[in-house]
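Asker: If you read the protein sequences in the order shown, they are chains B and X. Numbering-wise (the working numbering), the first sequence opens with residue 1 and increments by one. Numbering-wise (the working numbering), the second sequence opens with residue 1 and increments by one.
Hints are computed from structural coordinates only; laboratory data are not their basis. Here the structure is a predicted model, which is why all the values come from computation and not from measurement. A portion of the hints provided could be inaccurate.
[Unchecked claim] Among chain X residues calculated to face chain B with C-beta under 8 Å, some are: (1) Leu150; (2) Leu153; (3) Glu295; (4) Ala307; (5) Thr312; (6) Asp411; (7) Phe649.
By construction, the Cβ of each residue, glycine as well, lies at the ideal position given by its N, Cα and C atoms.
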Amino acid sequence: MLSIRNLSKTYGNGVRALVDVSLEVPAGMFGLLGPNGAGKSTLMRTLATLQEPDSGTIRFDGIDVLSDKQALRQVLGYLPQDFGVYPKVSAETLLDHFAVLKGLANGRERRAVVKALLERTNLWAVKDQKLGTFSGGMRQRFGIAQALIGEPKLVIVDEPTAGLDPEERNRFLNLLAEIGENVVIILSTHIVADVTDLCPRMAILAGGELQVSGEPRQVIAGLEGQIWWKTVTRPELARYETEFEVLSRRLAAGRTVIHVWSESDPGEGFEGIAPDLEDVYFHALRQAGRRAETALAA
Amino acid sequence: MSRNFREIFRFELKQTFTSPLFWGTGLFFGLMTFGAVTSDSVSIGGGIGNVQRNAPFVILQLLSVMSVIAIFVTTAFVAGAALRDFERGTHELFFSKPMAKLDYLGGRFAGSLVASTGVMVLCSLGILIGSYMPWLDAERIGPTLAGPYLFALGVLVIPNLLLTGALFFALAAASRSWLVTYVGVVVFFAGFFVASLLLADVEHQTLGAWLDPFGASAVNLATRYWTVAEKNTALPPLSGLLLWNRLLWSGVGLGVLALSFATFRTSAGAPTYGALGRLLWRLSWRRKKAEEAPEVPLEGRDLPPFAIPPATRDFSSRRSRSLFFHALRRETIGVWKSIPFVVMVAFGMFNLAGSAAVRFERFGTKVYPVTALMLDNIEGSFVFLLVIIVTLYAGELVWRERSLKVAEVTDAMPVPTWVPLLSKIGALWIVILTFLTVGALTAMGVQLSQGFIHLEPALYAKGLGIVAVRFLLAAVLAVFFQVLCNQKFVGYLAMILFLISQTVLASMNFDHRLYRFADSPTMTYSDMNGYGHFLEGFAWFNLYWACFAALLVVGAALFWVRGSESVWRLRLRQAKARFRGPWRALAAAGLVGWVAIGGWIFWNTNVLNAYVPTDELEHRQADYEKQYRKYKSLVAPRIVDAEANVDIFPHERRVEIAGRYILKNKSNRPESTIHLQLDPRVKVRRLSLDPKWRTHFDQRLGYSIYELPTPLAPGATMDLAFELTVEEKGFVNQNSNTSLVDNGTFFNNGQYFPALAYDEGRQLQDRNDRRKYGLPPVERMAKLEDQNARRNNYLSGDADWISFRTTVSTSADQIALAPGYLKREWREGNRRYFRYEMDRPILNFVSFLSARWAVKKDVWHPDRENVAIEVYYDPAHAYNVDRMIDSAKKSLDYFTAHFSPYQHHQVRILEFPRYASFAQSFPNTIPYSESIGFIADVRDREDIDYVFYVTAHEVAHQWWGHQVIGGAVQGGTMLSESLAQYSALMVMQKEYGKEKMRRFLKYELDQYLQGRGGELVEEMPLMRVENQPYIHYRKGSLVFYALQDAIGEETLNRALSRYIGEVAYQEPPYTYTPDLLKILREVTPAGEQGLLADLFETITLYDLRATTATWTRRADGKYRVKLEVEAKKLRADGRGVESTLPLDDSIDVGVFGSRQGKDGKKEETVLYLAKHRINREKTTFELVVDGKPSEAGIDPLNKLVDRTSDDNRMKVTEAGT
């Protein structure tokens, strides 16, 4: 449904935010993974008609997004990464305002929609509270409520789980998961678990370039037999870092567990382990980093 | 001083000296004073005038005003010092250190105070550096002295910064809110302005000087009568009121600071002390932030399944329109509810109500608060806030979504781009209109509160609609700047630069409104003439700028930022893509309209009419003097008879004049040259002088010279006939002709009739302007000794006494008037004709008027003289017509009894529109402006009835001016204006009693002394006055009142009567002041002869004061009063340099008691009042009076010129207590 072709964008200060990104996104939940500064938000904002790429095309469901922005906006639901609210306005009032802007002209219908959304996000009880007094989680739910007004066909949520506590985050993702099946939902995040838990398709973006895309199962399968783990002591860690391709290190009961990537058994007591999405993610980032280093060296 | 204190202080200073705010404002303030010193385009707290540009007085004024303006910045420093740590969350780091609270607060405050002072030091440097600029006139730069700078900084600036710094530091510390602090600043200023308005009158100035926290009023009180010489060299003494004021307010500052330090709390939470603290806390936004909404977690399982009801969506263009109104409503309400707007509305209402409530006109007497005056008030003291509101809210509205980070949400919504743009402009428009509506309601409230119930809402709507237009246009410009600059503060800066450029353009004489955005000709509303002909030009200019604003709207729409793209390359690309459909059409329409209307305006202002910028007017004045002054003393044929048919077409603003002069050669040789002068705007249809005789023709200055083929023999006469048209076509850019108007035409023969002599009145007067055009210092009037100059009277150089007849016609609905008696009145078609004939010779000084008047008629002494008194007035202004008639009658009573018979048998008073505000006496005809007297509110008998007084003054001119006219030499105006003042004073004294005189003369004294300070050339003694109003009116009143007090009213009147007998209606050479002095000398007792020299021949001042006054009660029940006084007599030269004179004068000494008056108010009684010969600096009097004394003093009725008139009398206290 969403087809991104050769999208590039370089900022005035020389930062290359997107480099020739092409991506096909079918209906359903799509996870876009990447570290901070990977170009995720640039991609999201470009999809949401808020930014102009230097080159490339975007088509969604027959709409040429870059030339007919207004048409896309009519089917878009967008939750930006770091959005604000009018602090002195109540949740219901602002949501109603947004509903008007989204073209819900009929007052009765609009009120019903607002009520349903507030109930579903469990904000109905605080609908008269000023938004300035909301906690981060409540505000994020308000954000998704506004994004869902008007039955959007394309929902873009940019880093929605940042700063939420684990429980709140789970519920928030559940909420996203319930949105209709014929809708394209793009969830951008730097938390691997977000994608693991609920995205049938995903992509990894780093340094403005697309590293990996596909179904999580597929991409994980690509690393089968290449991930090894070992418990090491702190003094040993530095040596392993230089001699092996360490993907991750985690403390467990005061000791450090490391995952390394190697096409064959690295020996030294490493044991094989089934790869997970996190391994895929860190592996992709390392490769992107290595490519950037080579590019600099050359 | 502890180490901690020093460290905090050092840290604070470093913060400041590296902050752009400090250097930015310091530079800006320095540039302002630099500009004020080096050019006349920048003026701070009143222009520099004739004083040296770096005079101590100027330094004091500039730094004093700047220290007040600086508060808006210095508050940022002190409040920053109080709030910074709490804002940044570093307070816990500081207060967990082992440090005394006092070190912390003291260091922070002292650091910020030094920073504030630093800004003012940069400001002083602006003056210092400015005074060395090479383009300045060296004559206007004095020596550089450290004293004035140190005085200004030490006595005014630093105490002011200390006081306001302490106040707003305390407020910031207590409220922990920037907003509350700045609201405090605004409220403080509002209170200050209202108080200073209430205390502006002469009668409250001492209290005002105490209460002014900035010390400026105390300085003004000490320096208000300073002459140029004093302003150039002196500083006010640091004593008396000024010293006490400074001590008082510095003390208040320190007290507030101590209190603030003592109650300062180091935690960030809610304050725990004081009602004020709690109140401020309740107002502050931090409270709301602290009180969070209850956490409502999202409960996954129990919630209903995800089912959003379906809703239809509408993206039609009709829907877009209703979206626009939805957005408009939200934006507007957002501004209405925002605190700065509410504060500014409240401040504006205060300011307006304050200034409207105390609008005195003159002599402390109120006027009726008519709507026209209220509109002036709204313009003057309310509308200025709109400049701030438009600039501020254009930024706020354009950046609203982005500053709250909502923009990413709303920009991605399916809303057409024009909706946010137009709804924001629309909201700004509604805000402007609501603000003005509040102004109108406030003004009507003031009217009602003063018992004035003639409300005119329609006129408010019209007047404020006119005011609104330029702000509506400015709003578009401000939004355009914000969109284009795409940075809020750059947008503000662009708007500020635009505002500054408007004033700078004006001061550089770039006057044309075709290139001055949203500018249109100034309009004056007159109750008589409404907005009259001004509306046409106003409408076209505004339409012109509205078309331009349409282009700005298109520009803003094309460059409107949606999303986060701010690179110009992409914005241009986007703009190109957006430029289609309706935007293209609007741009085309705007452009075509703009150019077409611009052409039409140019046709009107520059083709149909002449566009003459202000500097070109000055240039013409200079050229006139350079080329033609040589003909000043030319002997030419003189007008002895004038007859004219004057057809006034008021609706078309046209006058047709067909006239004939009879010229007579009054010299003893043949004359063949005629110098004919006409206003260049007057069209000559026919002239009886053959064009072949013309030897010189200067169209630009309207000067032609004709050589008659056969010279005019001595004593022979000739006719000079002329047919002229004066016509106002279309509309003009500036200086609209207000003489020819729809209702209230008023012009005199000097404006449009041919003149035959050089007119000194057209010369440039200002010394500095003259230097600019290379002219020598002006000779304002010929010297008293110039016998030749007295061949002319000072009113006309081409005639003596003439016979006069005229036929005036006007439209059917109006009355037309001119001097003379109505002989016949008839109608022809739709026009009315009036034939006026004067039955005796008059001066060549006549007026023509036409208006729709109501008429009230009366007769003075129907049994004997049978003088008709008629007042022609606007039907809405009937308030004081009876007072005028009464005054005219009483004036005729007094003048005919004491001076001479009245030469006419009619007195007519004619109201004319308020385009000018004077009354003027023509033979039997007194035009009187609607703005002086007709709307005065003299119902309160306590107030000075200046309607009565002005009328008496003008009637007196029928004697002083129209019977006795002085020659065109120094002192000429004393013989008309000063004597008319005296005559009116006597009529008023007879009507209102001597007590009223003291109050009246106090105003005259004040005006005279202030006038001296504003003198541009040289102050002259009264008998050599060179048409200087502050001398011939103000000092004239004081001098003649003192003279009649010394030699007696009867004696003086007899002398004046004798003078009239000798010189009335005389042919040249005309009389001059020595003629009158000669008679006065004869009637003045030998011992008082010195008085005449003091009053008339020199500038004499006194310094009189009572130093102690005590009473003891005698056994017989009488009171013995012991009064000690000091007296000094001074003589000033024309520049105000004084020297002490030996004193030997008769001066009043008086003792006063008090009693309950009839109305329960306290009344003063005179227990003792007599003249004493005083010839020592210190004198002690022992006086015995019957009643209990309350006050005593020397010259207690302020008859003498004394710069501190308040200390002449003092309270009498019981001896020994």
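Asker: Could you check the structure against the hints above and give me the numbers of any it violates, in ascending order?
Answerer: 1, 2 and 7
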